[in-house]
Amino acid sequence: AQSVTQLGSHVSVSEGALVLLRCNYSSSVPPYLFWYVQYPNQGLQLLLKYTSAATLVKGINGFEAEFKKSETSFHLTKPSAHMSDAAEYFCAVSSNFGNEKLTFGTGTRLTIIP
Amino acid sequence: DAMVIQNPRYQVTQFGKPVTLSCSQTLNHNVMYWYQQKSSQAPKLLFHYYDKDFNNEADTPDNFQSRRPNTSFCFLDIRSPGLGDAAMYLCATSRGLTSGRSDTQYFGPGTRLTVL
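Taken in order, these protein sequences are the chains called A and B. Okay, so the first sequence: first residue is 1 according to our numbering, each after it adds one. Okay, so the second sequence: first residue is 1 according to our numbering, each after it adds one.
Same shape as in the complex, but just chain B (with noise of 0.2 Å):
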């Protein structure tokens, strides 16, 4: 099945220990979106790629950085992780669809991380 994949699904770091977490796509979708959702609140979008372009969300710590190498996979670095970030990251993607036609967004089981 088509599906987003994220790994690892838990991560511990420590305190400003730089860590990656991996997201890929099988789907083939033209977009790939980061979100952190912290603790009984909604998803707040860091930022996506539509194909290579990256979009950063205005309030994005630059603390977090992202690449996307080829279509199929997306990273979140953290630099320096504080306590504050331990969170759900989500990964997302949809096909990046053109004015007048509705762009879903599927979701992969996200990575929980702790920062010790």
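Chain A extracted, bound-state conformation (with noise of 0.2 Å):
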């Protein structure tokens, strides 16, 4: 069995400060993991995945995850915060054994402030 944890539902940051968004995951075999970024009243946005290759992943709009085996982790980060970043970000898990689920994480909404 697979699943995520993030960790904080609801996080703060100042405009231009760094963004640090916490996921740890379980999973008895090597992890495909993901992270989609959901506006209000909108479908979920892929921002980047890990697909066993590099263990730092570059996505759009400035984010970036670095998957730790050692940590079991997949923490997404961005260096500056900015306004448009304001959404709900979810973590997620699948396997390598292809068409496999995705198991999501509970979420975390991201506040900018001015």
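No lab work stands behind these hints: they were computed from the structure. Among the hints, erroneous ones may be present.
As the list claims (entries may be wrong) - Below, a list of computed lysine-lysine pairs in the DSS-like style, where the Cα atoms sit at most 27 Å apart: (1) B:17 with A:101; (2) A:49 with B:38; (3) A:58 with A:69; (4) A:49 with A:69; (5) A:101 with A:49; (6) A:68 with A:58; (7) A:49 with A:68; (8) A:58 with A:101; (9) A:101 with A:68; (10) A:69 with A:101; (11) B:44 with A:101; (12) B:38 with B:17; (13) B:44 with A:49; (14) B:44 with B:17; (15) A:101 with B:52.
This structure is a prediction, so every number in the text was calculated from the model and none was measured.
Hints in hand, dock the two standalone chains.
Shown next, in the form of structure tokens:
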């Protein structure tokens, strides 16, 4: 069985500050890991994904995430927050066995303080 | 642009009145998924189609049905909506890649269902 835990259901950062959203995973097989962003009344948009190539993954909108097997983590970061980053962020895991379900975390709502 | 389209974006129905939500895709993906997302919660998978093969999640209520008449379209039918079925319904697609290759899901904008 696979699962993800997102620490902090709400995170607030000042505009221009570092964004750090935490995700820890549990998987008995090598995982694929994803970060999705959801703006109000919208679907989920893929930010980035880890598929066992480079451990540091760069995504859209200046976001990146680092896969750390020893810590079972896949935290999302952005060096400088922008007002447009305010949204809900979901971490998700699937296995590398192909055509597997995504298991989502409970989400982190990011608020940007002007 | 290739995409996942959901219609309508907002749907209002009455308690017990059947409703159908629509999803179409121009990605030519093999797999189509339906998720239910309630307020401030993660998306919950209801079922998915791999081509014509239907896969129901064990805890999906019988009130929810789905049809996939062709590769491009998939429908979610709620036979007798209850107040608890008010939610955002998300459609997603993926290529359906085999073992050892990552299979990314692409989501539509969602349909927000209100039950009066």
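Hint-by-hint comparison with the structure:
no. : hint            : in the structure
1   : B:17 with A:101 : violated (31 Å)
2   : A:49 with B:38  : holds (25 Å)
3   : A:58 with A:69  : holds (17 Å)
4   : A:49 with A:69  : holds (15 Å)
5   : A:101 with A:49 : holds (15 Å)
6   : A:68 with A:58  : holds (15 Å)
7   : A:49 with A:68  : holds (14 Å)
8   : A:58 with A:101 : holds (23 Å)
9   : A:101 with A:68 : holds (22 Å)
10  : A:69 with A:101 : holds (21 Å)
11  : B:44 with A:101 : holds (11 Å)
12  : B:38 with B:17  : holds (20 Å)
13  : B:44 with A:49  : holds (20 Å)
14  : B:44 with B:17  : holds (23 Å)
15  : A:101 with B:52 : holds (17 Å)
Figure legend: structure checked against the earlier numbered hints; the only hint not met is number 1.
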